[in-house]
Each structure stands twice: as structure tokens, then as C-alpha cells.
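K.L.:
All residue numbers for the sequence shown refer to our numbering, where the first residue is 10 and numbers rise by one.
Hints are computed from structural coordinates only; laboratory data are not their basis. In this text, all values refer to a predicted model and were calculated from it rather than measured experimentally. Treat the hints with care, as some may be off.
What the hints assert, rightly or not - Heads up, simulated SDA-like pairs for lysine to any residue below, C-alpha to C-alpha not over 20 angstroms straight-line:
# : residue 1 : residue 2
1 : Lys201    : Glu110
2 : Lys152    : Lys11
3 : Lys113    : His195
4 : Lys113    : Met134
5 : Lys176    : Phe238
6 : Lys11     : Lys113
As the list claims (entries may be wrong) - Now the in silico label distances, taken between C-beta atoms and shown as ranges:
#  : residue 1 : residue 2 : range
7  : Asn166    : Lys201    : 28 to 38 angstroms
8  : Pro95     : Lys204    : 16 to 26 angstroms
9  : Leu141    : Lys204    : 34 to 44 angstroms
10 : Arg79     : Glu172    : 31 to 41 angstroms
Here a beta-carbon is modelled for each residue, glycine too, at the ideal position from N, C-alpha and C.
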Amino acid sequence: MKVILGCAGYGTRLSNNITNGLPKHLLKINDKPLIDFTLEKLDNVPEVMEIYLVTNNLFFNLFKEYLDSRNFKKQIHLINNGTNKPEERLGTVGDILKVIEDEKINDDVGIFFPDNLHNFKLRNMISKFLELKAPLLVCYDVKDKKIAKTLGVVKVNDDVITELKEKPENPESTLASIGIYLFPKHLLHKFKEYKEEGNNLDRMGDFNSWIVGREKVFSYVYGEAYKWFDIGTEFTYNEAIKSWTT
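Please work from the sequences and hints to get the whole structure.
P.N.:
Shown next, in the form of C-alpha cells:
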């Protein structure tokens with residue numbers, strides 16, 4: 010399995026007073042860069058063979074300095090999507106497709122967004138995916154409809170996702186897809202197909218909603234024993250700092 014880390018956003022929801030020019034993935038949680046939490050977990054998953062971190066030209070050197078300062082066991086490829094400002098962005102789906110095509114990936118792919126902070130154990134989830142050989146989206150009950158309306162809200166029947174609505178105005182539940190997506194290699198062509206149909210490349214949730222209507226997509230739900238934060242705003246960043254313990 011190959012893993013793609015989506016780090017090409019410009020952090021426009023966070024003020025520069027918080028970021029000081031850093032990508033949010035390098036902000037500190039208890040004196041530790043946020044992205045460390047994701048990479049340390051992946052570094053200990055035997056099924057993960059290589060990692061591709063895609064970012065933009067603005068933050069490329071910052072990520073290079075970060076990776077040079079670390080000693081992960083896995084090979085990590087740093088990919089520059091060539092953009093310099095938000096108006097040039099390829100979109101989340103566009104970034105994923107660029108990595109798949111440019112790096113000629115022909116393997117199962119896990120897509121992780123390291124601006125998510127969680128204490129999920131990954132081994133059982135990845136084993137389930139390898140057993141199913143079908144798309145699998147990690148889900149979590151955020152327990153707040155105000156939060157749910159900013160995410161992809163799912164309906165699930167016997168672990169199969171029957172519907173996914175991206176950022177619904179009036180979510181019917183608080184069970185949401187939360188930034189970890191696994192796709193088998195025989196379906197990687199769907200990313201190109203999605204683009205060629207002229208669909209929105211900005212949001213991964215729109216792609217997930219699209220593929221739910223075309224393929225059997227499974228959920229993997231982490232329960233109340235686990236914690237999860239989307240570090241997208243000053244409020245959630247501060248909440249994560251206050252509540253996170255290692």
C-alpha cells in the first residue's frame with residue numbers, strides 16, 4: 010500500500026497570528042508538529058510501503074526542512090504541486106490525481122490529511138480494507154450538527170455507506186467521514202474519470218459522494234473511546250491543545 014498525505018492547502022481559515030507563516034500541519038500540539046502524529050502512526054504500519062506528501066510551492070521548503078529533521082523508517086517522497094497561491098490550487102482531488110499519475114502509482118492507496126489529529130489505531134482498519142479490497146472511508150460520530158455540517162455526513166447500512174452528503178446545510182446525523190480514505194488499486198482510474206466528467210476537484214468529500222453512487226463503499230467507524238479534531242480554525246486548534254494527552 011502507498012499513502013498520500015494531502016498538505017497542499019494554504020490554511021486560509023487560520024489567521025497568520027496563529028500560523029506565523031507555517032502550514033497548519035507544522036503547528037505544534039504539546040510541542041510536537043501536528044503532522045508527526047500521522048507520520049509516526051504510518052511509520053509503524055507494515056502494510057504501508059511508501060508515503061507521498063504533496064504540498065504547494067509556497068510551503069515546499071518548510072516541509073523539506075521538517076522531513077530532513079526527522080528519521081522515519083518509511084520512504085517519504087515530497088511532491089510539489091507547483092502552485093504559489095490559493096487561486097492557483099489544483100484542488101484536493103487534483104492533488105491526489107497528480108501524485109497517482111506523476112508517480113505512476115499502481116497499488117492500493119491510503120489518503121490521509123494530517124491536519125486531522127486523532128488517536129485512532131490504524132492496523133485493524135487497514136487489515137479490514139485489505140480484506141474487503143473495496144473503498145473504505147473512516148468515520149466518526151462528531152456528536153454536534155454544527156460540526157457535522159462542515160464535513161461529509163454518511164448513512165450506513167451493515168458497514169456499507171449508502172449516502173454521503175458533503176457539508177449538508179441540515180445534516181440528518183452526526184456520523185461523518187473524517188479525512189482518511191482507502192482505495193484499492195483497481196479503482197484508482199476513478200480519480201481521472203471524475204476529473205474528465207468536469208466535477209469539482211476542490212473537495213475530497215465531493216469525490217467520495219460521487220463514488221458512493223457508483224461503487225460499494227465501506228465505512229470503518231471509530232467509537233467513543235477515540236478522539237478526533239479537525240485543525241482548521243483557531244477554535245479547534247485551541248481545543249485540541251487543551252484536551253490532547255499522549
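K.L.:
Which hint numbers does the structure go against, in order from smallest to largest?
P.N.:
2, 4, 9
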